[in-house]
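S.K.: Single-letter residue listing:
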Amino acid sequence: MTSLGKGLLTIVVSAAIGMTSFMACAADQVLIDAAKKEGKVVWYTSFVENQLARPLAAAFEKQYPGVKVEIVSGTATDLLLKLLGEARAGQLRGDVHHGGSAVWPLIKANAVENYIPEESKNYPPELKDPQGRWTADALYFLVAAVNTDMVNAATEPKSYADLLDPKWKGKIAWTTQLTQGGAAGFIGTMLQSMGQERGMDYLRKLSAQKLVNVPSNQRVVLDQVISGEYPMAVATFNNHSDISAAKGAPVKWLKLEPVTATLDTLMLLKGPNRNAGKLFIEYSLSESGQKAVAEAGYLPSHPKVPAKVAGEKPDAGNFKVQVLSPELVETDLQKWVDVYNELFK
Amino acid sequence: MSMLGVVASLPAYERPLRERLKDRIPAVLLTLLIALIVIPPLLVLIRTSLRDVDDTYYTVANYAGLFADPRLYASAWNSVVFAALATLLSLVNGGLVAWLVERTNVPLKPLAYLSAIISLGTPYLIYVSAWLYILGRAGPVNSLYRTLVDPLGTLFNVYSITGMVLIEGFLWSPLVFLLMSATFRRSNADMEEAARIAGASVTSTVLRISLRLAMPAVVGLGLFVFIRNLEAFDVPVLIGTPSKISLLTTDIYQSMTRVPPQMGHASAFSIVLMLVVAVLLHFYGRIARQAERFASITGKGYRPRAFDLGKGRWVGAALIIFNALLVLVFPILAILYNSLTPFARPLNWTGLSNLTLEHYRNVFQHAYYLDLAFNTVLVAATSATIAIGLTAIGAWMSVRQWRGSGMIEQLTSIPLVFPGIVLGVAMIEMSLRFPLPVYGTLWVISFAFVVRYLPYGMRYSHAGVIQIHRDLEDAAGISGATRLTVLRRVLTPLISPSLIAGWLFIFLIGAKELSIAVLLAGQNSKTISVAMFDQFINGAGGEVSAMGAVWTALMTIFTSALYVAMRKRSDFATGT
Amino acid sequence: METPSYLSVQGLSKIYFGTTGGVQAANFELPEGSFFTLLGPSGCGKTTTLRCIAGLETPTRGIIRLGDRDFFNSATGANIPLNLRNIGMVFQSYAIWPHLTVFENVAFPLRVGREKYSSADIARMVGLALDSVDLAGLGKRSATQLSGGQQQRVALARAIVRKPSLLLLDEPLSNLDALLRDDMRAELKSLQGRLGVTTVYVTHDQAEALEMSDMIAVMRGGNIVQLGAPRDIYHDPVDGFVASFMGSSNIFPGTAEAAARAGAICAVQLVNGPRVLARARVDMAAGQSVVISVRPEDVTLVERHQTQDSQNALNGIVRSSGFLGPICNYHVEVGQLSIQARINSRTSFDKGAEIAAIFAADKALALPGDASPAS
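For the protein sequence lines, the chains are E, Y and V, in the order given.
Residue numbers are given in my numbering: position 268 of the first sequence equals residue 268, and the series is strictly consecutive.
Residue numbers are given in my numbering: position 334 of the second sequence equals residue 334, and the series is strictly consecutive.
Residue numbers are given in my numbering: position 327 of the third sequence equals residue 327, and the series is strictly consecutive.
Hints are computed from structural coordinates only; laboratory data are not their basis.
Warning: the hint list may mix true and false statements.
Cβ-Cβ distance ranges computed for the label pairs, FRET-style [to be verified]:
#	chain 1	residue 1	chain 2	residue 2	range
1	Y	Gln-523	E	Thr-331	44 to 52 Å
2	Y	Thr-482	V	Arg-69	41 to 49 Å
3	Y	Leu-43	V	Lys-163	25 to 33 Å
Negatives, chain Y to chain V, calculated, CB over 10 Å [unchecked claim]:
#	residue
4	Leu-10
5	Lys-109
6	Pro-140
7	Ile-245
8	His-469
9	Leu-472
10	Ile-478
11	Ala-481
12	Val-490
13	Phe-558
14	Ala-561
All values reported here derive from a predicted model rather than from experimental measurement.
Backbone N, C-alpha and C fix where the C-beta goes; we use that ideal spot for every residue, glycine too.
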């Protein structure tokens, strides 16, 4: 190839690149203008307000002056109840929703607007919906955790099978939350990874271990492990253990494989400020938005953005996961709940 | 007699229509107003109870589900036992302390007030957590036992019916205390002294006279607390679930924590409970109707005097201290400890030597907590004022059996069994359909609180009014006062101790109410309890404890000041 | 009485559905300034009548008129609300408001009524009212710091402070001790006289009624059984009930032996007892059942041989005696009857003494019908 050819290619390539980036910019600009016209975006989010929701909103407002973010925060359940109420009254007030397991009820309530974000092209297929109904903006990994004062490294379980050791009888706590992020998710992971038959067999044996049902959320269960109420818990979030351990708490999470992976999703709602909503989604999924997520101690879903503690994500932490996608949850959750009611209630 | 002829021909008096209407209008208006407040959420509740999970069709499955539970009888029995014992505990504990404080010369009276007010001001969430921590396996009680007696054992398993009864009983003791102390303060010492002169011991005077006189108030209160306990979710679930003790509300709680929450189940349960409550209230109504017999402020020889307990004073003081330890000191110490440790840990030397003020720094860093505190005080004070105002008039009309007042008491009792979360959801829809843009504002939250706390207001107001002898009002009427003047210048000052106690109670529980506030909070209408809950589920338990400690301190200062001011005024007025 | 009627109550009835209480028919006319007493045992309807006049109860039918103003008239439908009737009332329970001072209790009617008074007027009028009940200077006291008698005076001061057109008193003295009660009786009467206010007084104590009233209505079972001046009612009761309620303790059922005109002496055969002579109060037919009423002070006890020509001499045995200072009270058993006698205490008889109880035929009243005792 001649230098001319080389030069030509360079020009073509750079032109192509330039074109793409120009087009991207143009699209953005239209969106930005439309968003500015709307002036604000109402964000229903289950991120903790002080830690993440406000910093993220502030970063967005800095990037796009003229578009204000109104945060309506709450637990995933509360936000869902609110949105369903709004949908029933025919007056959706939220533009963007972020919350764990709310995808399907919202779709059924006709509250979700299909939108495939530009940024989602950087995300693997299991983290986004092909129709653009949702994209994952954060990840959760459900793991077992032990109190290191009560359980030493030699005796800690190395696999799910080790949980069946009689010495753990009545010593393992878990949350009673019947979501994919709680007891139901744990059951689902077993059934998905081991198959129906082996999975049920395992769960039956596990139920003989008399797990302690703690009627609270994963974080509270973990706190009870830290305070020594129980030596071990399953279905806790791995980043929670690291946060507490960093402060000196005697706690450590265990890589029993496969680790349950669940998604926090971002959705565009059929709210009043749809353009601002799209813009906000683009920002949240962008690298700078995801870095804010990581900074707050959450696990970013963007493949290129590492977690604050890198080992919390499967690639860096080198552990296998079982993803419980929103579709799987929609079809199988009731089954998992039934198993819980049959074996563990 | 010539006039006999005239007399025989006199027709029976028929009140002219205009007057009959005029007579009924006030009570009917109030009834309508209260109906307007409680009926719409009731309709939503009924509708919810008849809808399937996805809200697409009507079904009775929710009711069928209630009765299909194979453990229904066992659960029902557990629930009744739990509710009855917890009610008894709070009645005995709160009532006894109230009697000691108001009717005897026991020392340390302020401590009893302080205990009640602080424990009411403490956010529920951290109060229960504190108790679970104290009595838990890793808590100080059991670790002390392990150190001293048996290194592997546990002295007390909080995860039991006993644990549930204890914690629930302590939770309601302040309500009983505040209400009963208002009642006892007003009771007529003559009757107790008459009993003493007739040879009765202090104990039998209390049992036969003081208690009998306070009976309508006690029965009403007991019924009320019993119903609340029957439909309580939190304690039965928080404590019962780990120990696999099943109560009626256990399954319901489970179905509410699903995504999306299955509210039909809970609503059906509430409706069934509401019917039970209606029956209970009917019987209570019979007792209350004889209220005149129990009226103890007659306007004659009214001199509240204190019993001299002699050496028994110190037994009483011990009781007050014991009560203060249970409802105040222990939980507060646990909260303080948790707010000072970097992370949740057992109470031991390592823990005590490694305390930090970091959580407090975090709390004071965030200026926006100040806004939240302001919101909270505003909402709680508004709703307490409205609820007490409405129920004071309602109780007056209903006790005096005004024409058209028959429904008032029943109506105000309806929200007693509304689960907070269901009421919250009902309010979302209602406020969105309201013609004014109230959705997500503090107005809606205040309104929801008024609905929720009407029954509490009614308890306090009702207990106040039945103590006032009718003559006191009639005398004012004869003196030329209109009914409004009677209300303003005679009744209200006389029942002010009950009203103040009720206002405080609603204010304090309103300030920590969570389930409704969480659902209805918009971006500018968050309350402090919502913020605490946010932090709590995020694992910032230490920060929550710190916020709780600060908040409790604020509430205590605020309400103590209020109480002292009001009490002084009313005491001055009554010359006690 | 030809004085024009001031308070007129006609055909008043107040029937409580499903009970026996209330008022069946009450009629009376009072001249201005009179002291009128409704007297009767509890449940006779006297308080209900009073409460109807006050406006605390709405009558079933009837007319209540004060001066030319219909308080209530079931024919025209008039019914003036209680707060517009300008009435003073003292409740049995006093109904002193514990949250107000003595002054404020008394000033209340002036502050809340239709007429407005300046604070100087109020101070003056309250001062006058307190003076007239001998409570001058106690205005600043809390009402709860007063004794029972003082509270009663406060209630009275409150009732008269705005010069009511009518004063209603509902057993105001029943809660006072005996000595205080006697003082208050006289004081009340003189106060009423000074003020000249028409007063309706309710009591079950016949001594109070007799001492204070210009006119008494004795009520029973919701009806006025006798209406008249104290003397008439005392000496000339219409029936055994009134007689017994007015303090006659010797009431015996019997049968008239022959027809007799009113005022004539007739013979009556007592049930389970001797035959006596008595004055017929109304015309009597032969064989009519009657009751005989003899006041204990009209009965004398004598040794049996001293009976001489007494019209009625009944042989009996002294069963008990009570020494009351100037007089002595005896219970004498005559056959199956027990007769009470009250005689000068200088004469005395021992228990078990066989004596004769004598009384003049003129002092024994033969009354129609019913002998059931007043409660």
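S.K.: Indicate, hint by hint, whether the structure satisfies it.
M.R.: Structure-based check of each hint:
1. Checked against the given bound of 44 to 52 Å, the beta carbons of Gln-523/Y and Thr-331/E, roughly 35 Å apart, lie outside it.
2. For Thr-482/Y and Arg-69/V, the hinted distance range of 41 to 49 Å is not satisfied, since their beta carbons lie about 19 Å from each other.
3. At about 57 Å, the CB distance of Leu-43/Y to Lys-163/V disagrees with the hint of 25 to 33 Å.
4. For Leu-10/Y, the shortest C-beta to C-beta distance to chain V comes to about 5 Å, within the 10 Å cut-off, and the non-interface label is violated.
5. Residue-level check passed: Lys-109/Y sits 21 Å from the nearest beta carbon of chain V, beyond 10 Å.
6. Separation of Pro-140/Y from chain V is adequate, the least Cβ-Cβ distance of about 48 Å exceeding the 10 Å criterion.
7. At the 10 Å boundary, the C-beta of Ile-245/Y stays outside the reach of chain V, the nearest C-beta of that chain being 50 Å off.
8. Distance check on His-469/Y: its Cβ comes as close as 6 Å (rounded) to a Cβ of chain V, failing to clear the 10 Å threshold; non-interface status is violated.
9. Separation of Leu-472/Y from chain V is inadequate, the least Cβ-Cβ distance of about 5 Å not exceeding the 10 Å criterion.
10. The Cβ of Ile-478/Y does not lie farther than 10 Å from every Cβ of chain V; its closest approach is about 5 Å, which violates its non-interface assignment.
11. Not every CB of chain V is more than 10 Å from the CB of Ala-481/Y (nearest about 4 Å), against its label as outside the interface.
12. With a cut of 10 Å on Cβ distances, Val-490/Y falls inside the contact zone with chain V, its closest approach being about 6 Å.
13. Chain V leaves Phe-558/Y outside its interface by the beta-carbon criterion, the shortest separation being 26 Å against a cut-off of 10 Å.
14. Distance check for Ala-561/Y against chain V: the nearest CB is about 22 Å away, which clears 10 Å, and the non-interface claim stands.
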